[in-house]
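Novice: Residues per chain, in single letters:
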Amino acid sequence: MSDLMTKTEFKAPPQPAYALMNQLPGQGPRAESPLYHADLATLANKGPVEGGVHLQEQSLLGHLVLRGSLQNKSFVKGFAQVMGFKLPGALQSAEAGEVSVRWIAPDEWMLIVPGAEAFGIEKKLRQVMTGHVSIADVSGGQTVLVLAGKDAINVLKKSSAYDFHDSNFPVGKVVTTTFAKTQAVIRRIGPQKWELVVRRSFADYIWLWLQDACAEYGLIVRG
Amino acid sequence: MFSIYCPYCEEHREEDEFHAKGQAHIARPLDPESYSDKEWGEYLYFRDNPRGLHHELWVHATGCRKFFNISRDTLSYEIKETYKVGEQPHFTVNQDK
Amino acid sequence: MQKYSGFGLLKHALSHHENWQRAWRNPTPKKKYDVIIVGGGGHGLATAYYLAKEHGITNIAVLEKGYLGGGNTARNTTIVRSNYLWDESAHLYEHAMKLWEGLSQDLNYNVMFSQRGVLNLGHTLQDMRDIERRVNANRLNGIDGEVLDTQQVQEIVPMMDCSANRRFPVMGASWQPRAGVARHDAVAWGYARAADALGVDLIQQCEVIDILKEDGAAIGVETKQHGIIKADRIGCVVAGNSSVLAKMAGFALPLESHPLQALVSEPIKPILDTVVMSNHVHGYVSQSDKGDLVIGAGIDGYVGYGQRGAYHTIEHTVQAIIELFPIFSRVRMNRQWGGIVDTCPDACPIISATPVENLFFNCGWGTGGFKATPGSGNVFAATLAKGEAHELAKPFSMFRFWDGSLIDEHGAAGVAH
Amino acid sequence: MNLKSMTQKNRLQAGGRIDRNQPVNFEYNGTQYQGFVGDTLASALLANGVDVVGRSFKYSRPRGIVAAGADEPNAVLQLGATEATQVPNVRATQQELFNGLVAKSTNGWPSTDNDLMSYIGKVGGRMMPPGFYYKTFMYPQSLWDTYEKFIRKAAGLGRSPLENDPDIYDHINHHADVMVVGAGPAGLSAALVAGRTGARVILADEQAEFGGMLLHSNEIINGLPAAEWVAGVVAELSKMDNVMLLPRATVNGYHDHNFITIHERRTDHLADLAPKGQVRQRMHRVRAKWVVLATGAIERPLVYANNDVPGCMLASAISTYIKRYSVVPGKELVLMTTNDRGYQAAFDWQDAGRKVVAIVDTRAEPTGACVVEAQKRKLKVIKGSAVIEVKGRKRVSGVVIASINAVGDRVTGNVRTLSCDTVASAGGWSPAVHLSCHTGSRPEWRDDIQAFVPGATVQQQLVAGAINGSYRLAACLEEGGHCGALAAANAGFGEQSDELLEVAIVDNEISESASMALFHIPHTQPTSRAPKQFVDYQTDVTAAGIEVATREGYESIEHVKRYTAMGFGTDQGKLGNINGMAIAAKSMNKSIPETGTTIFRPNYTPITFGAIAGRHCGELFDPKRYSAMHRWHVQHGALFEDVGQWKRPWYFPKTGESMQDSLNRECKAVRDSVGILDASTLGKIDIQGKDAREFLGRVYSNAWAMLGVGKCRYGLMCGEDGMVFDDGVTACLAENHFIMTTTTGGAARVLEWLELYHQTEWSELEVYFNTVTDHWSTLTISGPNSRKLLAELTNDIDLSGDSFKFMDWHAGTVAGVPARVFRISFTGELSFEVNVQANYGMQVWEKVFEAGAKYNLTPYGTETMHVLRAEKGFIIAGQDTDGSVTPMDLGMGWCVSNKKPFSYIGKRGMAREDCLKPNRKQLVGLKTRDPKVVIPEGAQAVADPKQPIPMTMLGHVTSSYYSACLGHSIAMGFVRGGLDKMGEAVYYPQPDGSVIEAEICSPIFLDPKGERQNV
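Protein chains in written order, with this note's numbering: chain Z, 332 to 554; chain L, 147 to 243; chain X, 110 to 526; chain H, 96 to 1110.
Simulated from the structure, these hints should not be mistaken for lab results. A hint or two may mislead.
As the list claims (entries may be wrong) - Listed next, the in silico DSBU-like pairs over lysine-lysine satisfying Cα-Cα at most 30 Å (straight line): (1) H:Lys199 x X:Lys120; (2) H:Lys1016 x Z:Lys512; (3) H:Lys450 x X:Lys378; (4) X:Lys356 x X:Lys333; (5) H:Lys489 x X:Lys378; (6) H:Lys1022 x H:Lys994; (7) L:Lys184 x H:Lys450; (8) H:Lys248 x X:Lys120.
Take these sequences, add in the hints, and give me the full structure.
Specialist: Written as structure tokens, this is what we have:
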């Protein structure tokens, strides 16, 4: 590691330092979640009602990636002030109502909120947070899948080498890990309920994978 | 398949979450222009490659995306320690011959 | 040397095989040799053989810390080809190829060199561009090779799934008919026997623990079992341990030693008559004369001297093989193992003088050493005999990493095995 | 097919663990047979009196069943009723019987016709000493191919199916506190004790039933017959939630850091084909805190003349067949043993009501309970003697017995013959150390038990029972319990209290006397002349063969193994290796530990490839990545190109069009009106922080300090060696906010590259990187009409050339959706890249087409994009670069700034001596003399087409197309010193002998002034 730093000096930045943008249209334009083409709603209606695994896509939510340092008070305090709860520590998550946040890395958290609220929250956070902070809206690039049921844990064990046992992975814990041949942010949200945050371009692969992995237990798709 | 303790996630994870990135503690020269071709070539390519204790740079690729160091025996594959970038290893061998 | 032949075999059969001579002696080392070769693998033994045969230097010792041919020679997947991209490597490997053709007769030891052809598959448009580029270069360098389309590939390997519905369909391949496989152990034993017959001392169970220097020049080695042995010139051919030896001599090499794994199926009736390699799905497979499917895995990403690699590397390889040959799904894997490969930053070997006078290194063959065995030994022998690099070896000096004249075989050489 | 059904003549009326009420019909070599539920294929064959189950690999000798488990070398059969369900090389001793099972023997050498034997004459075996093929088939050289054809004909045992596998396989991962391998007495007690502590325990055993040797033992545990004690323990274990029991599950590999792989056969006992929806086999991938190996031991046969004649078996196997399967594999038994345990087979044989001809004990004066018992049973015990030879060919007809000396290396006289049909040999036991070797640990020799036991290891591993050389049942139970408790305690569960350890008491254990260290039985003839004495049955390795190997100087045990092929069979020498080492040692006058052992590798027993691959096959072999508009592309007939994991539209053929037709149409549409490309797959990295600009200046070769908000810039990324590895456009969104684009294939690598330098070198720079590749859909609208078209879709972006300049970006609304629009061009045309949140990508894409109809808006794919950019001389990283070219080599010196104060990545590298040579290969444009001829990509340039081979190559063609817009072919390629050779000719020799001549020119073929994009 180099300790010394050589940097070019350039004139103090004019405002705004960051490009804020409401990326959602008003009423009208149709939104398509990453699994839109799978038409889960229809499958839910005609699919089986008995099965060991339940799957649901929680589509079109607001996804914000927060980057900042815990040494940055405005970042830590600002978050609590805007969200009403604290940033969780390593591998923990926190939530209030429809809003939840996941620890991703020592300087990274993933906030998931109702789709329409993402921009407002981003703005509020920007207002209260100063110093070295980044907020990236990734709502279009991810989706949330909820796996539930008595065999859901077996599907996870087939898909990832992480230890999902109660003793290691209690409700509220979150890990980013390898999932089949891609990755997912996995959070336990109930005794038999897990939430997967996956990337848009891999969503179809994961959908195929899950159908396959669930086959022996019976997959119930929830609309 | 190794079981690797990520010093940032603070727990053991499976090797398939990580990528090995070569020898650790190779600082980029601060003044590359003052380096001769030979010196630059040595920075670029020449490595310790020891049979025994080795300090390696790894990245938690599908986890927290953080780089960190591992002290590992390249013969027994035992991992002696993992430590953050910027920290120094506790396990070292005296390097003469 | 007792000549091997069908008639000889019959003669020995009548005397119940009680009179076979030793393939090589078990000499106690002298105090000094003209040349010491450290490393009794295929490359080292070939070096000794050609030194004795072509350069008249017979006062040679080959020092092997374990048993002859016990390193990567005994652990590779035995593929032999010369269809490399760049002139420098193409000429070196083709030199080896020409020696392979006729090696059994030269050594009077059947190394079972079997020119059943090698296919390097292409699965993407860029793969095919690289294949065209490499085959064109091979052709203009006088190396046999052609570009095949999917249909032609299917005709050569009827059992492979070349259909368009695979995840990465086979778009074509490069085909080198003269390429093939050989019996790895036999190569080491054949060279050992022939070198011994020319007077070379093969010293097994003799581990070099230090390289002795006198004003900057190497003068001998210290061994664990036989103390100090002196020599005018020393050649190190210790794939998997080159950096360790170099460190004894006081310098570093541009190498990392990584695990490379391989595996075999149970023996099955002949079903695959050629060698199939795929860089993109990363697997390569041939079938041995015994019937095993011999499969090479990918290289592990970390330094490892344990002759073991990661299990998921094996999984990925088997997945690749099944992607190419779905019918092998019910066939069973018998054994897996690992070797230690010295990888160079430009995926090309080092055949070179070193910062230490009279000390020469032949290393860095990465995953591609076996196929080069005769050529490597041949040019290294010339290099040791003359004290300066053989014409074909010149581009492979370790000093290329100082001026930047690398020979980057990474991109276009296909799987570098 | 022969329908004659044989009777189970060797089946006893009562006893065993088979269910006589459930008969099972199966077919072997075309004949129908019957067995019972609970049988293995082997026990059923023996019950039906089948003696010959195969022919030997090399000598074609008839072979019968020798063992009862994983160590069986001969009964290796082809299984499968249909083509698709064929399984080669199934060990009959491990295959449970099921209705409809079809098996065939796989005769190895010779194959039916043209076999090598007949080829080299009937002397056969005599002509095939070890390594004979190294010594012949060499002359003439030209004939080797022919020789080899015959050799290959003889290769292999079973055959691969020729149809695709209809079954499915999968993986499941576990984390265990205590992983117990083997469910014999030691493993059961280990699991029981560990389970009681609450630790997470996995117990795996390769057999269908837990219990191991206890399933056929006469011993009494806690007052119960052993098998009943087993049932009790299994019952308790199955009640524990923290314990997972895996029968029919072979631990095939023990990997680093206590990673264990278990191969579970879930349906192979039911049928060829798994019941619908069920997984045939499952790999369990276990990460264990502690591992207890309780893998037991394997009995050694003795090596004597003709010991491969059907009817020669392991003593313990005979007990197993009688007690567990209720099958007596013969009528008259001769037992040869070097130890007390061997006697049991004779007792069981006698109890089964068959005749024991004699017990031949190699020890001069055996004492011990078993000898007394034998006398009590009035069995003839012949002491200080051995079976030196067997008579018979397809079945034992008798044995030759002789007295031997005390060390067992010499026959001391009085040879006599006994008639019998079965010979049991008991040569002592070899601990199953295989798994302990997998992680590199070398076994250690123990003289007291004359066997190798697991050596030192760095794994968290304990060994219990027979694997540890502890053969007494009480010792197995005690060690098991102890290790179970210790492993659990080490993993943080319970503490080793003795009350935990009181697992079981053995009531009727027999006392043992010393056994004799004997492996190779001497013959009246020297080994080289005696009838064949087999060491490794499957590879036909004999004692004489091993002597030849050492005689020839193959003295390392690895040489012996490789030269003779000992241990290379599918049983991996489980029976033969130790005997082989002993014989090699003896022939060199060394001790066994001096000779050393070979080290075992995974797998313990062979594992189905399909199971190793799991579900990552076919459709799921590798993820397919899709953009938000993929559905549209499919609906509109796109053909796709694999770029990394992405599926990108390659081109959009209309019916009847050739590829070139489509490209011509797509290209012209863009040049004449407007086309649209889905560019969503380009990597996009959001960069925020006050030092972002500084960071860009360090990782790109060109200058970034002055890039203003609202502007875009193209950059080249190099490695420290100065070689280009990626490129792309980066836009300044706000003072501290940028968005970087990378190549589609390079996205992940570039992000990791940026993080590497930020985290390890320049952590003082305040900057964060986040991937937003999937978040944005990118629609590239390109062509003279692109402005008009876009104008119809937006009312809040001023598209006029003055306010929206080339390399500007603006935010606004497109088709009602908030968008960032970048005016950048990879085609050379007026061009707008519209970026919208990906959930709206499809919506906007469709709206653009609605509005685009009147402009003949044409979708184009990667191939047309490649042509259009080539007309402009724009490179594609990865196609026009290969990791060995600098920006200068690409003629892109304009993209390198040496004014930057910081020594950016690549600067020093590209200044190395070799990189500054004037005569490097440089990227230039190429115009063929014949405008219609397109040089094949990859063609190699030469200066003199008449130069004889090897020719001097100047460089290769990287990109080459027919340009419909220009009406001639265009190409880019490397030519040595090419930048100084404008106008000169180069030649491209083709495979067909023809030569394509081209003129070196600027790579910019179209609109060099850039007027088209600046309107």
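Novice: Each hint needs a verdict: does it hold in this structure or not?
Specialist: Checked hints:
1. H:Lys199 x X:Lys120: Since the Cα atoms of Lys199 of chain H and Lys120 of chain X sit roughly 39 Å apart, the hinted pair is violated (cutoff 30 Å).
2. H:Lys1016 x Z:Lys512: 39 Å, violated
3. H:Lys450 x X:Lys378: 42 Å, violated
4. X:Lys356 x X:Lys333: 17 Å, holds
5. H:Lys489 x X:Lys378: 25 Å, holds
6. H:Lys1022 x H:Lys994: Not OK: Lys1022 of chain H and Lys994 of chain H at ~36 Å, beyond 30 Å, violated.
7. L:Lys184 x H:Lys450: Since the Cα atoms of Lys184 of chain L and Lys450 of chain H sit roughly 85 Å apart, the hinted pair is violated (cutoff 30 Å).
8. H:Lys248 x X:Lys120: Measuring from Cα to Cα gives roughly 26 Å; hence the hint holds.
Figure legend: structure checked against the earlier numbered hints; hints not met, in rising order: 1, 2, 3, 6 and 7.
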